[in-house]
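Engineer: The primary structure of each chain is shown beneath.
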Amino acid sequence: MTKKNKNFDIWKVVSIVVLAMYLLFLMWPLLKLFLQAFFKQGQFTIEQFVNFFSQRYYRKSITNSLKVSSLATLLTLVIGIPLAYFYQMYEIKGKGLLQVIIILCSMSAPFIGAYSWIMLLGRSGVITVAIKNLTGFTIPDIYGFNGILLVLALQLFPLVFLYVSGALKNIDNSLLEASENMGCTGTKRFLTLIIPLIMPTIIAATLMVFMRAFADFGTPLLIGEGYQTFPVVIYNAYFSETGSDRGFGAAVSIIAIAITAIIFLFQRYVNSKFTFTMNAMNSIERKPLKGIKAVLINLYCWFMVGLAFLPQVYVIYTSFLKTSGKLFVKGYSLDSYRLAFRNLRRAVPNTFKIGLAALAIVIFLAIIIAYLVVRRSNFVNKIIDTLSMIPYIIPGSVVGIALVMAFSKKPLVLTGTVAIMVIALVIRRIPYTIRSSVATLQQIPLSIEEAAISLGATKMKAFFGITVPMMANGILSGAIMSWVTIITELSTAIILYNLRTVTLTLAVYTYVSRGNYGIAAAYATILTVATILSLLLYMFIAKTDEVSF
Amino acid sequence: MSVNIKINHAVKRYGDNTIITDLSLNIKEGEFFTLLGPSGCGKTTLLRMIAGFNSIEGGDFYFNDTRINDMDPAKRNIGMVFQNYAIFPNMTVEKNVAYGLKNRKLPKEEIKETTDRFLKLMKIEEYRSRMPEKLSGGQQQRVALARALAITPNVLLMDEPLSNLDAKLRVEMRTVIKEIQNTIGITTVYVTHDQEEAMAVSDRIAVMNLGDIQQIGTPKVLYQRPTNLFVATFIGRTNIVDGKLKIEDGKTMLHFPSGYACEMDNILDEYKYDQKVKVSIRPEELVVDTKNKEGIKAIIDDAVFLGLNTHYFVHTDDGDKIEIIQESKIDSIIEKGTEIYLQVKKEKINIFDENGQYNLVKGVINDLDLYTGD
Chain Z
1433 MTKKNKNFDI WKVVSIVVLA MYLLFLMWPL LKLFLQAFFK QGQFTIEQFV NFFSQRYYRK
1493 SITNSLKVSS LATLLTLVIG IPLAYFYQMY EIKGKGLLQV IIILCSMSAP FIGAYSWIML
1553 LGRSGVITVA IKNLTGFTIP DIYGFNGILL VLALQLFPLV FLYVSGALKN IDNSLLEASE
1613 NMGCTGTKRF LTLIIPLIMP TIIAATLMVF MRAFADFGTP LLIGEGYQTF PVVIYNAYFS
1673 ETGSDRGFGA AVSIIAIAIT AIIFLFQRYV NSKFTFTMNA MNSIERKPLK GIKAVLINLY
1733 CWFMVGLAFL PQVYVIYTSF LKTSGKLFVK GYSLDSYRLA FRNLRRAVPN TFKIGLAALA
1793 IVIFLAIIIA YLVVRRSNFV NKIIDTLSMI PYIIPGSVVG IALVMAFSKK PLVLTGTVAI
1853 MVIALVIRRI PYTIRSSVAT LQQIPLSIEE AAISLGATKM KAFFGITVPM MANGILSGAI
1913 MSWVTIITEL STAIILYNLR TVTLTLAVYT YVSRGNYGIA AAYATILTVA TILSLLLYMF
1973 IAKTDEVSF
Chain H
342 MSVNIKINHA VKRYGDNTII TDLSLNIKEG EFFTLLGPSG CGKTTLLRMI AGFNSIEGGD
402 FYFNDTRIND MDPAKRNIGM VFQNYAIFPN MTVEKNVAYG LKNRKLPKEE IKETTDRFLK
462 LMKIEEYRSR MPEKLSGGQQ QRVALARALA ITPNVLLMDE PLSNLDAKLR VEMRTVIKEI
522 QNTIGITTVY VTHDQEEAMA VSDRIAVMNL GDIQQIGTPK VLYQRPTNLF VATFIGRTNI
582 VDGKLKIEDG KTMLHFPSGY ACEMDNILDE YKYDQKVKVS IRPEELVVDT KNKEGIKAII
642 DDAVFLGLNT HYFVHTDDGD KIEIIQESKI DSIIEKGTEI YLQVKKEKIN IFDENGQYNL
702 VKGVINDLDL YTGD
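Sequence lines, in order, name chains Z and H.
If you're matching positions, the first sequence starts at 1433 in the working numbering and goes up one per residue.
If you're matching positions, the second sequence starts at 342 in the working numbering and goes up one per residue.
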């Protein structure tokens, strides 16, 4: 009896600690944001919002963002769904490599793609120049809308691929055979059976891609030129107001949260119309391809993946070029790396220090919260569940702005520290890890834990000794994804960093924006290598070549 | 060491919903005791209350003289076999079996020795280093049983352990379970909705419906002298026919609607008065007469030859459908459409009051009556 009560209390304490952390690091900064936006010298005001909506320049940035994000999302679906379908249905040549490349593409920082495409297709890009020299013809400008669209679509379709091919794997082969029996095959089967079956996943992927496209800040900043998008406006509003009146930056942040919240709720509503679960006893078997169909399908897959991978390859290539000042010159050298290491020795250790700390906290908290939500549902834990969803709808730069507003004054000054970077990354990443942990935990029958308890294990031991190891695979794949998004994170970090807390991604960005492409390429290459190594590590530990989010 | 389990006036509520209102039960030491009932009758709920995974809203649960209501599940010393086996998928067969022993912090050699003994007993030695996903359903079942028994529990609890197996394995495994239980002599509480399975393994069965125990008894008693209509229909197959009980010249006569009547000499004295009744006649309790026109007139709709027995499906003039089981004869099967006359083996049939609440026939033993007074 006493034992039971003791256990109960431990988890109660855990609940309260977790709740307190959410209140301090999430709700307090958000409250601060609201106060800044709606109050001026203690007076309630909507002046900042009026200010925003009365200027065409600002209004336009919202429609611009919506336009480019929706179109990019549509493109990713058009490219990614057939790719996933082909990949799961047919024997594609070198399918293992294909998948690894797709995963790599999904993991790279978007703005690296942007700047690589500038080097390739920009005004003095190698392809532009080559075509002009050969044919005298000038290809259309890639700056602005087209450029953002190109970069986002190529950057994000791998995500759609990973989501959809995961869902396709859950379709039982007998469903396909049944439909074949009833005379429905090929494209008709794809449209009438397979697409409806994976609809929930497509919706989830659509939202994910749209949110990322909408919140992406590096790409439009580099390649957008005159085409203003909303995240850039947030960034500018914040930096132009720093030190004086932060009200406007806060107001813009609130508008951003409102927009993403609407999108999120809309997705929830749509998704609630498509809820069913599938579990394949026999997965779909890949069929060999023959003739012209084989050529076309292979060509499609490799062309699309190649196109998405091109920027990364090109960046790596340029990192070995000889440079003179900011210019590339003929010949190869390791100068860029030498300069990169000399200029910013901190970036690499910082990346690992901040990244690993954030990752460890994310995993630990996600497991604890998943346990509280799934196995110990009560009032406090339901609140935690709801709070844990909030970061979904807060764009990265807004997280940064809110944290700065909350923690730059006493009693708790964190701005400029490693801690605030870690906190920001944890906040941004934790909802995803919690969702995947919750999903994994829900699939583990309670009777497994009960079996352990009936065999004399304590509740804690049963959970950490049996359930957590069973969740390990789910946690691990989630952790790798988290790790990669953490080390390539830009939009929050750019608001919080200083010279002491600079990371690889920030270093790349800084050098790209200064036009120092050689050093930037060297950093980007290091980042890419770190990503590849993480991926290989994951495949080695999880003993699989399949990655899922 | 086995224990007896005593449950006095147990209550189970989920919110405002009362699943079990007042349930008492006494399970003897070393007994194979089965909770049998349709789904939703509360049998698994009761089992989980004994295991400690469900809270107890009222009443007392005892293992011997120890009240276990508030005892931690880990301390109750029970072995439990779950419907989905709940084998730890991240451990080998051997580690699964050793898990409970390790929690007791026993010396290494003892753990090894006990684990080996139970792996051998359940005939799964050769799979000891396999991961559970590489095992068939029957093998997983054996691992689950070995794991539950290895800790030498006081009580073995089994929650529909065979329901995930195919028919043939189910029969095989229930024999294994029965044998092991006999060998070890452990008090066992077994939950199932399959009456045939219950009959095959149990020393005694408690038939449950809607959160109440209807009857407790040996398989033989439940089958031959069910306490009410529910038990009669739930255990085995039976035909229910309307009838009338009449006292004529001091004799108790049972009248069937067709006019056929027979004298009953085993009706309890307190029920000897004129009344409408429900008669439960099992398929093998009917005698088919094709020559003398004595009995209930019926027409054969279908005849199914099953080797040892032949099943006849017939209908009477009143439209009652009746099933008959006859030992197969060497000469021939009675043709469809044949007119036959049915008599009953009156010492075997059971007669219930009009609402099916109680049996009017002598010889009903319901162990439940032993503790309803206490």
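One or more hints might be untrue.
Unchecked claim - Beta-carbon label-pair distances, calculated as ranges:
# : chain 1 : residue 1 : chain 2 : residue 2 : range
1 : Z       : Ser1704   : H       : Arg354    : 44 to 52 Å
2 : Z       : Asn1905   : H       : Thr559    : 43 to 51 Å
3 : H       : Ile525    : Z       : Lys1785   : 43 to 51 Å
4 : H       : Leu711    : Z       : Asn1905   : 51 to 59 Å
5 : H       : Asp642    : Z       : Glu1612   : 38 to 46 Å
6 : Z       : Phe1696   : H       : Ile525    : 55 to 63 Å
Because the hints were derived from the structure by calculation, they are not lab data.
Quick reminder that beta carbons are idealized off the backbone N, C-alpha and C, glycines included.
Engineer: Take the hints in turn and mark each one as holding or not.
Structural biologist: Do the hints match the structure? See the list:
1. Z:Ser1704 x H:Arg354: 44 to 52 Å: violated, 32 Å
2. Z:Asn1905 x H:Thr559: 43 to 51 Å: Hint holds: Cβ distance 49 Å, inside 43 to 51 Å.
3. H:Ile525 x Z:Lys1785: 43 to 51 Å: violated, 57 Å
4. H:Leu711 x Z:Asn1905: 51 to 59 Å: The hinted range 51 to 59 Å holds for H:Leu711 and Z:Asn1905, with Cβ atoms some 53 Å apart.
5. H:Asp642 x Z:Glu1612: 38 to 46 Å: Given range 38 to 46 Å: holds, Cβ gap about 41 Å.
6. Z:Phe1696 x H:Ile525: 55 to 63 Å: holds, 57 Å
Figure legend: structure checked against the earlier numbered hints; hints not met, in rising order: 1 and 3.
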